[in-house]
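A.B. asks: Chains as they are written, first to last, in numbering that gives the first Met the number 0: chain A, 0 to 250; chain B, 0 to 340; chain C, 0 to 252.
The hints are simulated quantities; they were obtained by calculation from the structure and are not laboratory data.
Accuracy of the hints is not assured; some may be wrong.
As the list claims (entries may be wrong) - Ranges of calculated distance between the beta carbons of each label pair, as one might list FRET restraints: (1) B:E164 x C:V239: 51 to 61 angstroms; (2) A:T122 x C:V235: 42 to 52 angstroms; (3) A:D193 x C:V96: 13 to 23 angstroms; (4) C:L50 x B:H56: 58 to 68 angstroms; (5) C:V17 x A:G116: 42 to 52 angstroms; (6) C:P77 x A:T92: 57 to 67 angstroms; (7) C:G151 x A:G116: 36 to 46 angstroms; (8) C:S163 x B:L190: 34 to 44 angstroms; (9) A:S221 x C:W5: 20 to 30 angstroms.
Even for Gly, the Cβ is constructed at its ideal location relative to N, Cα and C.
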Amino acid sequence: MRAPRFAAVGAAALALAACAPTALPEGRPETLTVLAASSLAEVMTTIVSDFEADHPDVNVAVSFAGSSTLASQVLEGAPADVLATADEATMATVSDELEIEPQIFATNTLTIAVPAGNPGGITGVDSLSDAGVVLVTCAPQVPCGAATALVAEASGATLSPVSEESNVTDVLGKVASGEADAGIVYATDLARADGVEEVALEHADAVVNRYPIAALPHASGSPSQHAREFVAAVLSSEGRAVLAAAGFGAP
Amino acid sequence: MSLDAHVLIRSRAVDARLTVERGRTLVLLGTNGAGKSTVLEAIAGIVPVDSGEIAIHGRALTGGGRRVPLASRRIALLSQDDALFPTMSVLDNVAFGPRSRGSSREEARHTARAWLERVGATDLAARRPTELSGGQARRVAIARALAPAPEAVLLDEPLARLDVEAATAIRALLQHVLRDVTAIVATHDALDAHALADDVAVIEAGVVVEAGTASEVLTRPRTAFAARMAARVLIRGTMQGGALVLVNGTRVPVAGGPRAGAAAGIAVRPTLIALALGDEPRVPGRAWVTDTVVALEPRGDEVRVHGSAAAADVDPAEASRIIVGERVLFGVPTGLPAYAI
Amino acid sequence: MIGPRWLVPLAVAGALVVLLPLAGLVSRVGWSEFGTSVTAPASLEALALSLRTATIATLLVIVLGIPLGFALRAMRGPWRALVRAIVLVPLVLPPVVGGLALLYAFGRRGLLGDALGGSLAFTTAAVVLAQTFVALPFMVVSVESALAQRSGRHEAVAGTLGASRTRILFRVTLPALGPALATGAVLAFARALGEFGATLTFAGSLAGVTRTAPLEIYLARETDPAQAAALSLVLVALAVAVVAIAYRPGSRR
Numbered sequence: 000m001r002a003p004r005f006a007a008v009g010a011a012a013l014a015l016a017a018c019a020p021t022a023l024p025e026g027r028p029e030t031l032t033v034l035a036a037s038s039l040a041e042v043m044t045t046i047v048s049d050f051e052a053d054h055p056d057v058n059v060a061v062s063f064a065g066s067s068t069l070a071s072q073v074l075e076g077a078p079a080d081v082l083a084t085a086d087e088a089t090m091a092t093v094s095d096e097l098e099i100e101p102q103i104f105a106t107n108t109l110t111i112a113v114p115a116g117n118p119g120g121i122t123g124v125d126s127l128s129d130a131g132v133v134l135v136t137c138a139p140q141v142p143c144g145a146a147t148a149l150v151a152e153a154s155g156a157t158l159s160p161v162s163e164e165s166n167v168t169d170v171l172g173k174v175a176s177g178e179a180d181a182g183i184v185y186a187t188d189l190a191r192a193d194g195v196e197e198v199a200l201e202h203a204d205a206v207v208n209r210y211p212i213a214a215l216p217h218a219s220g221s222p223s224q225h226a227r228e229f230v231a232a233v234l235s236s237e238g239r240a241v242l243a244a245a246g247f248g249a250p
Numbered sequence: 000m001s002l003d004a005h006v007l008i009r010s011r012a013v014d015a016r017l018t019v020e021r022g023r024t025l026v027l028l029g030t031n032g033a034g035k036s037t038v039l040e041a042i043a044g045i046v047p048v049d050s051g052e053i054a055i056h057g058r059a060l061t062g063g064g065r066r067v068p069l070a071s072r073r074i075a076l077l078s079q080d081d082a083l084f085p086t087m088s089v090l091d092n093v094a095f096g097p098r099s100r101g102s103s104r105e106e107a108r109h110t111a112r113a114w115l116e117r118v119g120a121t122d123l124a125a126r127r128p129t130e131l132s133g134g135q136a137r138r139v140a141i142a143r144a145l146a147p148a149p150e151a152v153l154l155d156e157p158l159a160r161l162d163v164e165a166a167t168a169i170r171a172l173l174q175h176v177l178r179d180v181t182a183i184v185a186t187h188d189a190l191d192a193h194a195l196a197d198d199v200a201v202i203e204a205g206v207v208v209e210a211g212t213a214s215e216v217l218t219r220p221r222t223a224f225a226a227r228m229a230a231r232v233l234i235r236g237t238m239q240g241g242a243l244v245l246v247n248g249t250r251v252p253v254a255g256g257p258r259a260g261a262a263a264g265i266a267v268r269p270t271l272i273a274l275a276l277g278d279e280p281r282v283p284g285r286a287w288v289t290d291t292v293v294a295l296e297p298r299g300d301e302v303r304v305h306g307s308a309a310a311a312d313v314d315p316a317e318a319s320r321i322i323v324g325e326r327v328l329f330g331v332p333t334g335l336p337a338y339a340i
Numbered sequence: 000m001i002g003p004r005w006l007v008p009l010a011v012a013g014a015l016v017v018l019l020p021l022a023g024l025v026s027r028v029g030w031s032e033f034g035t036s037v038t039a040p041a042s043l044e045a046l047a048l049s050l051r052t053a054t055i056a057t058l059l060v061i062v063l064g065i066p067l068g069f070a071l072r073a074m075r076g077p078w079r080a081l082v083r084a085i086v087l088v089p090l091v092l093p094p095v096v097g098g099l100a101l102l103y104a105f106g107r108r109g110l111l112g113d114a115l116g117g118s119l120a121f122t123t124a125a126v127v128l129a130q131t132f133v134a135l136p137f138m139v140v141s142v143e144s145a146l147a148q149r150s151g152r153h154e155a156v157a158g159t160l161g162a163s164r165t166r167i168l169f170r171v172t173l174p175a176l177g178p179a180l181a182t183g184a185v186l187a188f189a190r191a192l193g194e195f196g197a198t199l200t201f202a203g204s205l206a207g208v209t210r211t212a213p214l215e216i217y218l219a220r221e222t223d224p225a226q227a228a229a230l231s232l233v234l235v236a237l238a239v240a241v242v243a244i245a246y247r248p249g250s251r252r
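With the sequences and hints as input, model every part of the structure.
C.D. replies: The following block contains the structure:
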């Protein structure tokens, strides 16, 4: 009774192998390696499982880290099929070296995170410089800190943070634990954090962070079919819906 | 005025009573493991006692549930291992006590120099303890123990682990520095006892079995153990008409002694006792005691043949012919002073 | 002691596990810019802060670790093993966990938060506290094991000579523990210098206040990898020097 079904699956696999040159024979799923910025962790996981449901012959392995780390991994020759970074400058370091065509798939803006209940009574960017307000931001050397500086400039506020962290996660940690009264973070980071609330940041649109994604060329010189399909899935309306739900803006 | 101690430590089976009159030296005589070190450490305050009382010149150190802390006892201890402080110079070692007792740094050093001179170690002042020979270290340790002018000093085997030459020199030094000092010297050596003791207490298995002046205990011991520690053998019997009559009936003519019928004994150095096997000719002028060999004890150049009533030292060649359990005759000199037991 | 020959390839492999990452680090240092990388204001500020905080932390470790070592030695039976295990926890704790633990104790909302009024977080004192927390076990272990080697005879003799317990401690016991104390202090200093996770989690990162050399490296890694490598090399050199001092031949004699 079962043999015919096995035969049918085998035939389908063969058919797929015939039309998709990069698919491995014998029905073994191809592994697609996606490198994504840490801030994309949740949305990428959702998009990946949707993608895998649509492509049963592909097994997607996602690796999350800071954008610069990922970029340097790619430049060091780590095997990867797709790269999604949290800013264009980092992607540019890769596109300078490799033949790729990055596309913007999401945007993100800064906002103010306060501990649950807003114990510091933060009302907006001006109250961040009030005496006694403990503010934590990203260090100006890293992208989220550079963006913070630009927004502060646009709003005319002078910020004096007690700590300049290397990444958003460390900023959120200080706020969520109540050590800081406020932190400046990305809307998306705030959306997935527990124990924090949002206070609107005026002039946040002075810096709109754009998230580029690119299919990376293989040893053969051009990206694989599945890598292109994955990028397309991220840019599709289904992908956009997932991104919007996590606080990302449209490009 | 005296140092009076009753030391009771059940876990070490020690129950010893001692008294030292002010300015006198008591030699505590016993074998290794008899409890000498424990008794000294208890008096010094290092080892806690279960009960008992220790008092010096009327000042109680233990008893009634109180215990005077180490630093307030004013009893110095010279331990077998010298225990000089390795991180200090010899001078600072000796100055440590006076400085701890409140002398200024200069006074303490002055006292220390005086003591180093008394023990003949002036030229060692700048050295580290690791740079000293055994005899030098012992001199420094003696100076250190005496420098704070303790009310009593306890010396644990002060002549142990020294070569013959150093031991001789240190023995002479102790005779000199312990004069007029209230001291207890623990030793297993009869020579040290003769050289240093005003009084002697013999300790066996944690208990003082005999105590008295040096001449009493060393020349007229009343127990076999005390006799042994005094390097003698005690021959017991009953007085009868100018002779000591042994259990087996042998008569040993003696000088003096208690009244007839009283228990008495003579303490004889085993080298003075002759030994004869069953059919050997017997030298006249001795009382020959028939006995059975109990044990053979090698003692350096000689072997001590122990019987149940007497013992004799013989040379190893002769001893090699003797077997335990064999019947022998001990030739005891006659005319030795007898005393009541 | 000479072992069997088959130990040799394993020993070589073991050496490579240590040497290759160090070689990798050296390979990334831009030697032409090494001087400017190390003397850049941010680098110097971070190094100075690290040396200052690690020195204070080492002093605290000496003052607190020695009594703790004595207390540990004085304990009897199962208590000692239990307390020792607790005191040594910072040695084996993941650094971030150490930071969280400090946060929950001394942070604004921590056990002592109200008592401290939130004044500790984001200060240099928080850095020193984090460093002391992770470095303390080195001193405690050093002191305890050195005390275990002692019979107590010297202390007893000193007592019979009339010395108070304080005098015995300072004149007899501590001098004798000298080499162990030096080793403990040097290792504690090295550990404090390298402290990262607990500082990042607990103290924050602000130039001149809480951004020690390891945090500067962490930040520079994102923006200026050559500076990160140069500063890392300086820390490695310091660590090698410190360990060489602590374990120099004869230091235990």
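A.B. asks: Evaluate each hint against the coordinates.
C.D. replies: Against the structure, the hints:
Look at E164 of chain B against V239 of chain C: about 53 angstroms separates their beta carbons, and that is inside 51 to 61 angstroms. Here the CB-CB span from T122 of chain A to V235 of chain C is close to 48 angstroms, well matched to the stated 42 to 52 angstroms. For D193 of chain A and V96 of chain C, the hinted distance range of 13 to 23 angstroms is satisfied, since their beta carbons lie about 19 angstroms from each other. The hinted range of 58 to 68 angstroms is satisfied by L50 of chain C and H56 of chain B, whose Cβ atoms lie roughly 60 angstroms apart.
For V17 of chain C and G116 of chain A, the hinted distance range of 42 to 52 angstroms is satisfied, since their beta carbons lie about 49 angstroms from each other. Between P77 of chain C and T92 of chain A the beta carbons are some 59 angstroms apart, a value that agrees with the proposed interval 57 to 67 angstroms. The hinted window of 36 to 46 angstroms between G151 of chain C and G116 of chain A is violated, with their beta carbons roughly 58 angstroms apart. The hinted range of 34 to 44 angstroms is satisfied by S163 of chain C and L190 of chain B, whose Cβ atoms lie roughly 39 angstroms apart.
For S221 of chain A and W5 of chain C, the hinted distance range of 20 to 30 angstroms is not satisfied, since their beta carbons lie about 50 angstroms from each other.
Of the numbered hints listed earlier, those contradicted by the structure are 7, 9.
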